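There are 2 protein chains.
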Amino acid sequence: MKITAPKQELLKSLGIVMRAVPSRTTMSILYCILIDATVDTIRFTSNDMEMGIETVVNGSIEERGLICLDAKMFYEIIRKMPESDVTIEVGSNYQTTISCEKSVFHIVGKDTTEFSPLPSIDRKDPVILTQFQLREMIRQTIFSISMNDANKILTGEFLQIRENEIRLVGLDGHRIAIRRVILDAVYENREAIIPGKTMNEIGKILTGETEDEVKLYFTKNHVLFEMNQTTMVSRLIEGTYFRVDQMLSNDFETKISVRKSELSSAVDRALLFTSEADKRPLVMTVGTDTMNLRITSPMGSMSDDVEIAMEGKELKIGFNPKFILDAIRVIDDEEILIYFLNSKAPCFIRDEAQSYIYMVLPVNFV
Amino acid sequence: MKITAPKQELLKSLGIVMRAVPSRTTMSILYCILIDATVDTIRFTSNDMEMGIETVVNGSIEERGLICLDAKMFYEIIRKMPESDVTIEVGSNYQTTISCEKSVFHIVGKDTTEFSPLPSIDRKDPVILTQFQLREMIRQTIFSISMNDANKILTGEFLQIRENEIRLVGLDGHRIAIRRVILDAVYENREAIIPGKTMNEIGKILTGETEDEVKLYFTKNHVLFEMNQTTMVSRLIEGTYFRVDQMLSNDFETKISVRKSELSSAVDRALLFTSEADKRPLVMTVGTDTMNLRITSPMGSMSDDVEIAMEGKELKIGFNPKFILDAIRVIDDEEILIYFLNSKAPCFIRDEAQSYIYMVLPVNFV
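Residue numbers (our numbering), protein chains in the order written: chain A, 99 to 464; chain L, 99 to 464.
Just chain A, same shape as in the assembly:
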C-alpha cells in the first residue's frame, strides 16, 4: 500500500475515527484504525465493538493495499508533521513508513484480518434531518441520561419517529429531557434506544451546519448515521423504554416566566453549597413578582431574588439545583416558562410549542 494525502486531511479524518477508539480495552486490535485503500478511495475505520466509524480520506492511492495502525501513535505522528503532503507506505511484515518532507517515521502495523469490520447495514428508507438539528437535539437532552446504571436503558437516549416528528428523550429517574423537531417528510413509525456514548460522539462529529444532512437508517439491532464522507454504526440497547408520555402532564397551579440568564446565574451561585457528598436542596419561594432562591449548608448560605411574572398560586418547592441548571443552560430562549402543580409534584420547563420539555422531580426540604 502507498497513499498520499495532505496532513490536514489526514488529521481531520483521524479526528473523526479516533472517536470510536477505546481508551481502555483488553483487545489490542481495537486500539488500531484500519486504513483501507484496496479500491478507489482511502477509508479509515475504527470499531470499539459497540460503535464503529468509517470515513473517506481525501488523498491519492499510488499502490493499493490495507494496514492496521495504532490509532494514537498514528494520530500523534500526523499531528507533529510539517504542513505538507504525507505519504504512508507499507512494506513487508507490516513495516510502515510515514514520511513528510524530510521527516521519516517507521512503525510496525498489524494484520488487518484481526480487525472487526463494521456490520453490513441495508441502507434503505432513511430518516433525514439537518446535522444542526440532530446536534442540537443531542446537546439539549444528553445530560439527563444516567452515566452508570444497573438499568442499561437509562444510559441510552430514546429516539422516536412519529410521522413527521422526531423526538429524543433522556431520563435518569430524577428528571426527563425531551426535544422534538418537525421533519420535512412523513416517515414510518420507528423507535430505538441508542447508547449515550454513541450520541455523545456523533454529536461531536456532526458539523452543526443547517445545509448538511444526516441520514439515519435503522435495523433491529443497529442504527447507522450517514453524513458527508462519514458513516457511523452503533448497536442499540435492547429492551422496552419507559412510557414517557404517561410521566408528563399539562396540569399546573403555578406558572412563571423568568429571564433565563438571571435564573441561571442565581442557581449557579447556589451550587457552591451543594456537592455529590452533601446534596442540599435549593428552595424556591414563588411569589407574585419575585422568586426567592435559598440554600443552606454547614459551610454557609445563599439567598437570591429573581424577577418573575407569575400566574396562579404562590408556592415553596425544593430541587437539586444542578438538575435545574442543567436544563436551563441548554435552552436557547431568553425568557423561559416553568410550570408547577404543588411542592410534591415535578416541575416542567417547556416552551409553548413543547419543542422542549424538561421535567425535574422536587426534593424534600425543611
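None of these hints come from the bench; they were simulated from the model.
In this text, all values refer to a predicted model and were calculated from it rather than measured experimentally.
Check the hints yourself; a few may be wrong.
[As the list claims (entries may be wrong)] The calculated DSSO-like cross-link candidates involving lysine-lysine, where the alpha carbons are at most 27 angstroms apart (straight line), are:
1) A/K377 with L/K208
2) A/K377 with L/K170
3) A/K200 with L/K353
4) L/K377 with A/K200
5) A/K358 with L/K178
6) L/K411 with A/K200
7) A/K170 with A/K208
8) A/K358 with L/K200
9) L/K178 with A/K377
10) A/K353 with L/K200
11) L/K200 with A/K414
12) L/K178 with A/K414
13) A/K208 with L/K377
14) L/K377 with A/K170
15) A/K105 with L/K358
[As the list claims (entries may be wrong)] Pairwise CB distance ranges (calculated):
16) A/Q193 with L/D376: 18 to 24 angstroms
17) A/M245 with L/D376: 33 to 39 angstroms
18) A/S355 with L/Q327: 42 to 48 angstroms
19) L/T394 with A/K100: 20 to 26 angstroms
20) L/T211 with A/M397: 20 to 26 angstroms
21) A/R357 with L/K358: 51 to 57 angstroms
All C-beta atoms, glycine included, are put in the ideal place defined by N, C-alpha and C.
For this one, chain A is given, so just place chain L on it according to the hints.
Leaving out everything else, chain L in the frame of chain A:
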C-alpha cells in the same frame, strides 16, 4: 468591618493572593486570606509560610475592621456574583455577609489573630528592573530546576547581581539555564537562592509590561518583590549555590546555526518515542550543511534532516530530546547557535552576547 468594591477589582486582587494559598496543608488557617481594612486601604494577604502576598484592593471602607475568610469559597462567591459592586460586612462571631445586587451569601470567617502576618522587611536599596524583564528571565530558566530533589538547592533559582548585571540560573544536574540582563544602574553585589515555587508564582503575577517596574529587596533569609499594588515576600533557600561559571566553557570544535522553528518541530517529533519510563536518546549527526536527528525505540523510529550552517568538525552526539526542546522553546531568536566540543562534552546553546546560555549534558547512544 464593612467594605465595598467592584466585583472585578475583588476578583483581580483575589487572583493575586490565591497564589500563596496552599492546595494542601495541615494548618487550616493557611487556607484563608486576611482582609484588613483597619486603616485607610483594603488589603488582602495570604501566607503559606514559605511565601506571602499582600495586595491593595481598590474599594471603599464604610466601617473599619478585619476578618479571615476561606480563600477558595470567597473567590468562588465573588466569581459567581453579578457584575456590580460587592459589599462585605462582618457581624458578631465572624459572621460575614457578602452581597451584590439581590444575591446575599452568609459564611463564617475566622479569628484573624491565628493568621501569620508577613515578615517585616526593611525596604532599602532596591534592585529595580521592569516586570517584563523579570517575567521573561523566569520563563526562560525555570524549566531547568529540579522539581523534587533531596538537594533543596536544586529546587530553587539562583539570582545574582553583579554591578549593573542581573543573572538568573536554574540547574538540575543534567542541564543549566542562564539568563542575563543589563540593568539601568550599578548595584552592590548580591546573591540569593529563591524557591522555584516563588519564582513560578511571581512570574504569573508580573504584568509583563515594559513600563511597570518591580523592586527587589533582599535580607539574609528573605526576598521581597514590590510591584504596583502588590508585594510578595519569600523565604530563601539556605546554602551555597554551585559554582556555575566553572561549569561553563567557550571552547568548541563544532558550531552550528539552525532555524529555531525547524529544529524545535523535529525534536518535538522525536518525543513520540521517548518517555519517563523508557528514555531514548536523540542522536544528532552534524554534517556540513545538514544535521540528521534520529531516535529509535521498540515502538518505532524517526529520522529527520534539518538544514544548518556549520563551522568546524562533523560530530555525532546523543541527548535527552526533552532537554533540548525545553531550551529552544523559550528562546525568542529565530536563528539559534549551538556549540559542541565532542560527543562526551555538554553542548551550549547561546547567543553571541551570552544573554542566554543553555547547557545540556549528552547521553550515551549505540
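Hints and how they fare:
1. A/K377 with L/K208: Given pair A/K377, L/K208 holds - Cα atoms ~25 angstroms apart, limit 27 angstroms.
2. A/K377 with L/K170: Holds, because 19 angstroms separates the two Cα atoms, which is no more than 27 angstroms.
3. A/K200 with L/K353: The given pair, whose Cα atoms are some 22 angstroms apart, holds under the 27 angstroms limit.
4. L/K377 with A/K200: Holds - the C-alpha atoms of A/K200 and L/K377 are around 24 angstroms apart, at most 27 angstroms.
5. A/K358 with L/K178: Within the cut-off at roughly 16 angstroms; holds.
6. L/K411 with A/K200: Holds, at roughly 23 angstroms.
7. A/K170 with A/K208: 14 angstroms, holds
8. A/K358 with L/K200: Between A/K358 and L/K200 the Cα gap is close to 16 angstroms, so the pair holds against 27 angstroms.
9. L/K178 with A/K377: 20 angstroms, holds
10. A/K353 with L/K200: Holds, at about 22 angstroms.
11. L/K200 with A/K414: 19 angstroms, holds
12. L/K178 with A/K414: Answer holds: L/K178 to A/K414 is near 24 angstroms, not above 27 angstroms.
13. A/K208 with L/K377: Given that 27 angstroms is the threshold and the Cα spacing comes to 25 angstroms, the pair holds.
14. L/K377 with A/K170: The hint holds at about 19 angstroms.
15. A/K105 with L/K358: 22 angstroms, holds
16. A/Q193 with L/D376: 18 to 24 angstroms: With Cβ atoms ~21 angstroms apart, the hint holds.
17. A/M245 with L/D376: 33 to 39 angstroms: 35 angstroms, holds
18. A/S355 with L/Q327: 42 to 48 angstroms: 45 angstroms, holds
19. L/T394 with A/K100: 20 to 26 angstroms: This hint holds: roughly 23 angstroms between Cβ atoms.
20. L/T211 with A/M397: 20 to 26 angstroms: For L/T211 and A/M397 the Cβ distance comes to about 22 angstroms; the hint holds.
21. A/R357 with L/K358: 51 to 57 angstroms: Holds - the Cβ-Cβ distance for A/R357 and L/K358, about 52 angstroms, lies within 51 to 57 angstroms.
Comparing the model with each earlier hint shows no violations; every hint is respected.
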